[in-house]
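K.L.:
All chains, please: the whole structure from these sequences, using the hints.
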Amino acid sequence: MNAKTVFMGYTRSDLANLVVALLVALVVIPTVVQTDYWYSSILIPWLCLSLAAIGQQIVMGYTGQLALGAAGFMAAGAFACFNLILRVPYLPFPVALALSGLIAAAFGILFGLPSLRVRGIYLMVATLASQFFIIWMIDKFGWFKNYDTSGIITAQDILIFGKPFTSPFEMYLVVVVVVTVLTILAINMTRGSTGRNWMAVRDMDIAAESMGISLLRTKLQAFAISAFFCGVAGALFAFTYLKSLEPVAFDIKLSFKILFMVILGGLGTINGAFIGAAFILLFPVVLNSIGNNLFHGAIDATIISATEQVVFGALIIIFMIYEPLGMAKLWYNIKQSVRSRFAPRSELPRQRAT
Amino acid sequence: MMQARNFPIGDPILEVRNISLSFGGVKAITNTSFNVLRHEIRAIIGPNGAGKSSLLNCINGIYKPQEGTITLKNEVLDKISPNIVARKGISRTFQNLALFKRMSVLDNVLVGRQLHMSANFLQVAFQTPQARREERENRERCEEIVEFLEIAHIRDTPVGRLPYGLQKKVELGRALATEAEILLLDEPMAGMNVEEKREMCRFILKVNDEFGTTMVLIEHDMGVVMDISDNVVVLDYGKVIGDGPPDEVRSDQAVIDAYLGVAHD
Ligand SMILES: Nc1ncnc2c1ncn2[C@@H]1O[C@H](COP(=O)(O)OP(=O)(O)OP(=O)(O)O)[C@@H](O)[C@H]1O
Ligand SMILES: [Mg+2]
Chain A
1 MNAKTVFMGY
11 TRSDLANLVV
21 ALLVALVVIP
31 TVVQTDYWYS
41 SILIPWLCLS
51 LAAIGQQIVM
61 GYTGQLALGA
71 AGFMAAGAFA
81 CFNLILRVPY
91 LPFPVALALS
101 GLIAAAFGIL
111 FGLPSLRVRG
121 IYLMVATLAS
131 QFFIIWMIDK
141 FGWFKNYDTS
151 GIITAQDILI
161 FGKPFTSPFE
171 MYLVVVVVVT
181 VLTILAINMT
191 RGSTGRNWMA
201 VRDMDIAAES
211 MGISLLRTKL
221 QAFAISAFFC
231 GVAGALFAFT
241 YLKSLEPVAF
251 DIKLSFKILF
261 MVILGGLGTI
271 NGAFIGAAFI
281 LLFPVVLNSI
291 GNNLFHGAID
301 ATIISATEQV
311 VFGALIIIFM
321 IYEPLGMAKL
331 WYNIKQSVRS
341 RFAPRSELPR
351 QRAT
Chain B
1 MMQARNFPIG
11 DPILEVRNIS
21 LSFGGVKAIT
31 NTSFNVLRHE
41 IRAIIGPNGA
51 GKSSLLNCIN
61 GIYKPQEGTI
71 TLKNEVLDKI
81 SPNIVARKGI
91 SRTFQNLALF
101 KRMSVLDNVL
111 VGRQLHMSAN
121 FLQVAFQTPQ
131 ARREERENRE
141 RCEEIVEFLE
151 IAHIRDTPVG
161 RLPYGLQKKV
171 ELGRALATEA
181 EILLLDEPMA
191 GMNVEEKREM
201 CRFILKVNDE
211 FGTTMVLIEH
221 DMGVVMDISD
231 NVVVLDYGKV
241 IGDGPPDEVR
251 SDQAVIDAYL
261 GVAHD
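The listed protein sequences correspond, in order, to chains A and B. Going letter by letter, the first sequence gives residues 1 to 354 in the numbering used here. Going letter by letter, the second sequence gives residues 1 to 265 in the numbering used here.
Check before you lean on any hint, since a few could be wrong.
[What the hints assert, rightly or not] Below, a sample of chain B positions facing chain A; criterion: calculated Cβ distance under 8 Å:
(1) N60
(2) N83
(3) M103
(4) Q114
(5) A119
(6) Q127
(7) Q130
[Said to hold, decoys possible] Cβ pair distances, simulated, as ranges:
(8) B:F126 <-> A:G162: 26 to 32 Å
(9) A:V95 <-> B:K88: 18 to 24 Å
(10) B:Q130 <-> A:V95: 23 to 29 Å
(11) B:Q130 <-> A:R87: 36 to 42 Å
(12) A:T11 <-> B:F126: 54 to 60 Å
(13) B:K64 <-> A:R217: 19 to 25 Å
[Said to hold, decoys possible] Straight-line Cα separation of at most 20 Å, SDA-like style, residue types lysine to any residue; simulated pairs:
(14) A:K4 <-> B:P129
(15) A:K4 <-> B:H153
(16) B:K64 <-> B:G25
(17) B:K239 <-> B:E67
(18) B:K101 <-> A:P324
(19) B:K27 <-> B:A258
(20) A:K253 <-> A:P284
(21) B:K101 <-> A:I321
(22) B:K73 <-> B:N35
(23) A:K257 <-> A:N271
(24) A:K4 <-> B:R141
(25) A:K253 <-> A:L116
(26) B:K64 <-> A:I290
(27) B:K197 <-> B:E147
(28) B:K79 <-> A:L281
(29) B:K101 <-> A:P284
(30) A:K4 <-> B:R133
(31) A:K243 <-> A:D157
(32) A:K4 <-> B:R132
(33) A:K257 <-> A:L220
(34) B:K101 <-> A:D205
(35) A:K329 <-> B:G160
(36) B:K101 <-> A:L215
(37) A:K253 <-> A:L281
(38) B:K101 <-> B:R161
(39) A:K329 <-> B:R102
(40) B:K101 <-> A:G120
In case anyone wonders, no lab produced these hints; they're calculated from the structure. Where is the CB? At the ideal position from N, CA and C, for every residue including glycine.
P.N.:
Spelled out as C-alpha cells, the structure:
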C-alpha cells in the first residue's frame with residue numbers, strides 16, 4: 001500500500017469510494033429509481049449474487065482452490081434462515097442471517113476437507129459433491145421444509161425488531177446494508193494478514209508452508225468464510241428476491257453462474273465480484289430487450305438464449321487467455337487512462353499489485 | 001577476515017544423524033551425518049544431483065527421510081511439516097524461486113512475518129486496534145528489510161514481473177523477515193553475475209554478524225564458498241565425503257577427486 005492511509009488503514013480513495021457507493025445506493029438510486037421492477041428484479045438479485053461471488057472469490061480468487069458449489073452453500077444458508085425464523089421465536093432477521101451464514105460455514109469446512117488432498121479439476125469434482133449433497137439433504141428430510149408438500153414454501157416476512165421490511169424498496173435497503181458491511185469485512189481480510197495467507201497458499205503453497213503458514217488451517221478457513229458469505233447471500237436471495245424456498249433455485253447452474261461471475265469479473269478482486277455479477281445478470285436482460293426492441297420479436301427467444309450461451313463461453317475463453325484479471329482490470333485501466341488525462345503526471349498512482 | 005565476531009561460533013544447533021532418503025529406486029541421500037554449529041555459516045557443496053537440495057528439504061520437513069534423525073536444539077524433528085519447522089526457527093529460500101508471484105514485493109516479505117502476527121481473521125475483518133497495530137509494526141519491519149536489501153523502490157511491484165536477480169533478493173528478504181535462528185539458502189547466488197554475487201555475500205555476512213543467524217547455504221561457486229563459509233560439507237552421490245573448514249576440505253584428496261577434480265562452472 002503506497003498511498004497514505006488517512007483513517008484506520010484506509011486511503012483517501014478508499015473512503016471516497018465508500019462515500020460514493022453509499023451515496024449512490026442510498027440517495028441517488030432511491031430518488032431516481034421509482035419502479036419496483038428495478039429493485040426486485042435487478043438491484044436485489046445483483047447485490048445478493050455479488051455477495052455470493054465474493055464468497056467464491058475468497059476460496060477461488062484468493063486462495064486458489066478450484067471449488068464449485070457456491071449455490072449449495074447458498075441453499076444451506078437459505079434453508080437455515082427459514083428454519084431459524086420458523087423455530088426460534090422472536091429471532092431478529094439480522095441474527096438469523098448471521099447464524100445461517102455460520103451453518104453454511106460448517107458445511108464449508110466439511111466440504112473443504114478434500115482440498116487438503118486434491119487440487120485443480122479433482123477438487124472441483126469433489127466440491128461438486130457438496131452441491132448435490134446439500135440439495136439432496138434438503139429434499140430428503142421433510143424437516144428442512146417443515147413437511148411442506150405443496151413444493152413451494154413462502155419465505156417469512158423480514159422483521160427487524162418488530163418492524164417489517166416487505167416492500168421491494170425496504171428489502172433493497174436491508175440488502176444494501178448487509179452487503180456493504182460484509183464487503184467491508186471482506187476487503188479488510190483480503191488486505192490484511194488473513195488475505196496474505198490465502199494468496200500465499202494460492203501462489204506457492206510449499207513456500208507458504210515453509211514460512212509457517214498451516215495449509216490445513218488456511219484452506220479450511222477460506223472455505224468456511226467463503227461458505228459464510230454464500231450462506232448469507234443465499235438467505236438474502238431467498239427472502240428478498242425469490243420470496244420462497246425451493247432447492248431447485250440453487251442448482252448446479254447457479255453455481256456455474258457464480259463461477260463465471262468471478263472469472264469474468266476478475267479473479268482475486270472484490271470489485272470483480274460486483275462487476276461480474278452485474279454482467280452475468282444484466283447481459284441476458286440487455287440481449288432480450290435488444291431482441292424485442294430492435295427486431296420486434298422477429299428473433300426467436302431460443303435463439304437469443306443460445307446467443308447468450310455462446311457469448312458467455314467465448315468471453316470466458318477470451319478473458320482466460322488475454323485478461324485473467326477480468327473486467328475489474330479493464331475497469332481499472334479505464335479509470336487510469338481517464339485519470340492520466342485529467343491529472344498532472346506526478347499524481348499518477350504507482351502500479352499496484354493485484 | 002575473521003576478526004572478533006559479535007556471535008562467536010558455538011555448540012551444534014542442528015544435528016543431522018544417519019539420514020537416508022530415496023525416491024522409489026533413486027537413493028538421493030545415503031546415511032548422511034553432520035552438525036551445524038550455532039552462529040556459523042555452513043556451506044553444502046557437491047556436484048549436480050548430489051542430494052544437496054534434498055537434504056535441505058529434509059531439514060525443513062518438506063521431505064521425510066526414511067531413516068535417521070534431525071535434531072534442532074536437542075529436540076528431534078520427527079515427521080513434522082514445514083510450517084511447524086518454521087515455527088521452531090528454521091526458514092529458507094528455494095533453488096528455483098518459490099515466490100508469491102501475484103503479490104507485491106512488500107507483501108511477499110510480509111508473509112515472512114506471519115509467525116510474528118497473532119491477530120485472527122475476525123480481528124483482521126473488524127480491524128481491531130490490535131490487528132491494526134500489529135499490521136503497522138510488521139509493515140515497518142518489512143520496510144526496513146527492503147531498505148536493507150536495496151529493493152525498496154520496487155516494494156509495490158508484483159514479484160512475477162521482476163528480473164531473476166531481484167526475485168532472488170525478495171526471497172532472501174522473505175526469509176530474513178521470519179527472524180529465524182537458522183536460514184537454509186538453496187543456491188542464493190545461482191544465475192547472478194559477479195557484482196550481484198558480491199552484494200549477496202555482503203547481505204549474508206551482515207545478517208550473520210548482526211543477528212547471529214546460523215546459515216546453511218548451498219553454493220556451486222567455490223570462490224564464494226571459500227570466502228564466506230566457516231565450515232563446508234561435501235556431498236557426492238548422497239554421501240558426505242568431506243566436512244570441515246574450507247581450506248581443509250579444499251585440500252582433501254577424496255573431495256578433489258570427486259568434486260573439485262571435475263570442471264564445474
Ligand atoms: N521429488 C523428487 N522425486 C524424485 N526424485 C527426486 C526428487 N527430488 C530429488 N530427486 C532426485 O534426488 C537426487 C538428488 O537431487 P537434489 O535436487 O537433491 O540434488 P542437488 O544436489 O540439489 O542438485 P543440484 O546441484 O542440481 O541442485 C537426484 O537424483 C534427483 O533426481
Ligand atoms: Mg539443488
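K.L.:
Each hint needs a verdict: does it hold in this structure or not?
P.N.:
Against the structure, the hints come out as follows:
With 8 Å as the threshold, the beta carbon of N60 (chain B) comes within range of chain A, its nearest partner Cβ sitting at about 6 Å, so the hint holds. A distance limit of 8 Å between C-beta atoms decides the matter here; for N83 (chain B) the minimum to chain A is near 5 Å, and the interface restraint holds. Evaluation of the M103 (chain B) hint against chain A yields a held restraint, the C-beta minimum of about 5 Å falling below 8 Å. Using the Cβ-Cβ criterion of 8 Å, the hint placing Q114 (chain B) at the interface with chain A is satisfied: the shortest such distance is roughly 5 Å.
With a least beta-carbon distance of about 6 Å to chain A, the hint placing A119 (chain B) at the interface is held under the 8 Å criterion. A distance limit of 8 Å between C-beta atoms decides the matter here; for Q127 (chain B) the minimum to chain A is near 5 Å, and the interface restraint holds. Evaluation of the Q130 (chain B) hint against chain A yields a violated restraint, the C-beta minimum of about 12 Å exceeding 8 Å. Here the CB-CB span from F126 (chain B) to G162 (chain A) is close to 28 Å, well matched to the stated 26 to 32 Å.
For V95 (chain A) and K88 (chain B), the hinted distance range of 18 to 24 Å is not satisfied, since their beta carbons lie about 43 Å from each other. Between Q130 (chain B) and V95 (chain A) the Cβ separation comes to about 26 Å, which falls inside the hinted range of 23 to 29 Å. About 37 Å separates the C-beta atoms of Q130 (chain B) and R87 (chain A), a value consistent with the hinted range of 36 to 42 Å. Under the hint 54 to 60 Å, the C-beta atoms of T11 (chain A) and F126 (chain B), about 19 Å apart, miss the expected range.
Taking 19 to 25 Å as the suggested C-beta distance range, the pair K64 (chain B) and R217 (chain A) conforms, at roughly 21 Å. Distance check on the hinted pair: K4 (chain A) and P129 (chain B) sit about 18 Å apart at the alpha-carbon level, within 20 Å; holds. A distance of roughly 16 Å separates the Cα atoms of K4 (chain A) and H153 (chain B); the hinted pair therefore holds under the 20 Å criterion. A C-alpha spacing of about 16 Å is found between K64 (chain B) and G25 (chain B), which places the hinted pair at or below 20 Å, so the restraint holds.
Between the alpha carbons of K239 (chain B) and E67 (chain B) the distance comes to roughly 14 Å, so the proposed pair stays at or under 20 Å and holds. Pair hint K101 (chain B) plus P324 (chain A) holds up; C-alpha atoms about 14 Å apart against a cutoff of 20 Å. The hinted pair formed by K27 (chain B) and A258 (chain B) meets the criterion: a straight-line CA distance of about 18 Å does not exceed 20 Å. A C-alpha spacing of about 15 Å is found between K253 (chain A) and P284 (chain A), which places the hinted pair at or below 20 Å, so the restraint holds.
The hinted pair formed by K101 (chain B) and I321 (chain A) meets the criterion: a straight-line CA distance of about 18 Å does not exceed 20 Å. For the given pair, K73 (chain B) sits about 11 Å from N35 (chain B) by alpha-carbon distance, which is consistent with the 20 Å threshold. Note on K257 (chain A) and N271 (chain A): the hinted pairing holds, with a Cα-Cα distance of about 17 Å set against a maximum of 20 Å. Distance check on the hinted pair: K4 (chain A) and R141 (chain B) sit about 17 Å apart at the alpha-carbon level, within 20 Å; holds.
Between K253 (chain A) and L116 (chain A), the direct Cα distance comes to roughly 26 Å. Violation of the 20 Å bound is thereby established for this hinted pair. For the hint linking K64 (chain B) to I290 (chain A), the alpha-carbon distance of about 63 Å lies beyond 20 Å, and the restraint is violated. Proximity of K197 (chain B) to E147 (chain B) is assessed by CA-CA distance (about 18 Å); at most 20 Å being required, the pair is judged to hold. For the hint pairing K79 (chain B) with L281 (chain A), the CA-to-CA distance comes to about 50 Å; that exceeds 20 Å, so the pair is violated.
Between K101 (chain B) and P284 (chain A) the alpha-carbon distance is near 36 Å, which puts this suggested pair outside the 20 Å criterion. For the proposed pair K4 (chain A) and R133 (chain B), the alpha carbon gap of about 16 Å is at most 20 Å, so the pair holds. Of the pairs offered as hints, the one joining K243 (chain A) and D157 (chain A) holds, with about 9 Å between alpha carbons and a cut-off of 20 Å not exceeded. The suggested pairing of K4 (chain A) with R132 (chain B) holds, with an alpha-carbon distance near 15 Å, which does not exceed 20 Å.
For the given pair, K257 (chain A) sits about 23 Å from L220 (chain A) by alpha-carbon distance, which is inconsistent with the 20 Å threshold. Taking the CA atoms of K101 (chain B) and D205 (chain A), the gap is about 12 Å. The hint holds against a cut of 20 Å. Distance hint between K329 (chain A) and G160 (chain B) is fulfilled; the C-alpha atoms sit about 17 Å from each other, no more than 20 Å. Between the alpha carbons of K101 (chain B) and L215 (chain A) the distance comes to roughly 18 Å, so the proposed pair stays at or under 20 Å and holds.
A distance of roughly 13 Å separates the Cα atoms of K253 (chain A) and L281 (chain A); the hinted pair therefore holds under the 20 Å criterion. Of the supplied pair hints, the one linking K101 (chain B) and R161 (chain B) holds, its CA atoms being roughly 8 Å apart against a limit of 20 Å. A hinted pair counts as satisfied when its Cα atoms are at most 20 Å apart, and K329 (chain A) with R102 (chain B) qualifies at roughly 14 Å. The hinted pair formed by K101 (chain B) and G120 (chain A) meets the criterion: a straight-line CA distance of about 18 Å does not exceed 20 Å.
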